[in-house]
Amino acid sequence: MTATIQLREGNMFAQPSDLIIIPCSTGGSITSHVAQELENFDISPPPEAMQLGEVKFEIFRGAANIATYVGYAASVLGMRSNKAAISSISEKTALFAQNKPEIRNITLPLLGSGAGGLSQTESAEALIQGIERVDAADKVYNIFVYRKDDFEALSRHLSRETSSLPRTGRHRSGDHVSRTKRREAVRVFISYTKTDVEHEARVRDLATFLRANGVDARLDIWLLRPGMDLPQWMSNELDLADRVLIICNEDYAKRADGRVGGVGWEIRIVQGDLLQSQQSNPKKYIPIVFDTVRPADLPRFLQGVYAVTWKTDGANNESQGRLLRELYSAYEEAPPLGEPPRFVLR
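Residue numbers (UniProt numbering): 1 to 346.
Take the hints with a grain of salt, since some may be wrong.
Subject to a maximum C-alpha distance of 20 Å in a straight line, what follows is the list of computed EDC-like cross-link-like pairs (lysine to aspartate or glutamate) [unchecked claim]: (1) K100 - E184; (2) K100 - E266; (3) K92 - E102.
Calculated from the structure, these hints are not laboratory results.
Could you put together the complete structure from these sequences and hints?
Next comes the structure, spelled out in structure tokens:
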């Protein structure tokens, strides 16, 4: 199965991803625009010696939450590029991401266009060809086109070339054209405290249930890798999440309320993102309480917020259905209104 491939309008540095591909020459040179963005996001400059079509990957260690991984793609040799090199870059990118569950969203520019002499159409077609050589059905590739008029022209061309590239309107932060009609999985980050083995097992079981039902549940024990910057990783996950589940218990409330050792950095990040999302996405955060948790164990910033109770005795059908309906926005509709009784008709 092929990945989801989306043509996106705008600046690829304007939103976070799990892996961002930086264009460079074989000698490590970059455009002034890319150089400015690397400085803005504290991204290291590219290596100085690479082969055309080569990609070098590393864990991102910058100060801003722009990505979890960075790939440097040698897409230009001198002032030339070719479609084979661009396809090789996207194929290597797909292979790198293939068996890494922490990578789902990948950002690429139109490599080889501009300084490399390729047209934007040639670049897009080469990128798609390389990606589709790799079985990566759970990955989402976002190919960015900086200018709106270029995006619209390329969208029209790709839509004519294949019926599987429909125009689908706005997606998160910009227009896009999608390579597949397969519904993109809801991305859900789970925030919790490591209270004890039993609590961790319950959280893992919940996340496993969600993944079995098509939800991309993101849990630290599955995704964190040695060398990753923890606050940066968590900020990136929160930015990319469609929804966030906060698993509340007494320990979480104590840490969130600063009653034990002050408020942890991870809860500060959650609180900051929750406040920012109230305007743009007020449904983003869902408190979850296990049935063994008292209502008083919710942190102060979540008291008064409707929470989903998750059963721990195995009789969980109602809780499971309620949570899945919420995550998929498949709400139960009220029955239609009937006519008033005859005795109230005047």
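Do the hints match the structure? See the list:
About 18 Å separates the Cα atoms of K100 and E184, which keeps this hinted pair within 20 Å; it holds. Annotation: proposed proximity of K100 to E266 is violated, straight-line Cα distance about 23 Å (limit 20 Å). In summary, the hint linking K92 to E102 is supported, as the alpha carbons are separated by about 17 Å, within the 20 Å threshold.
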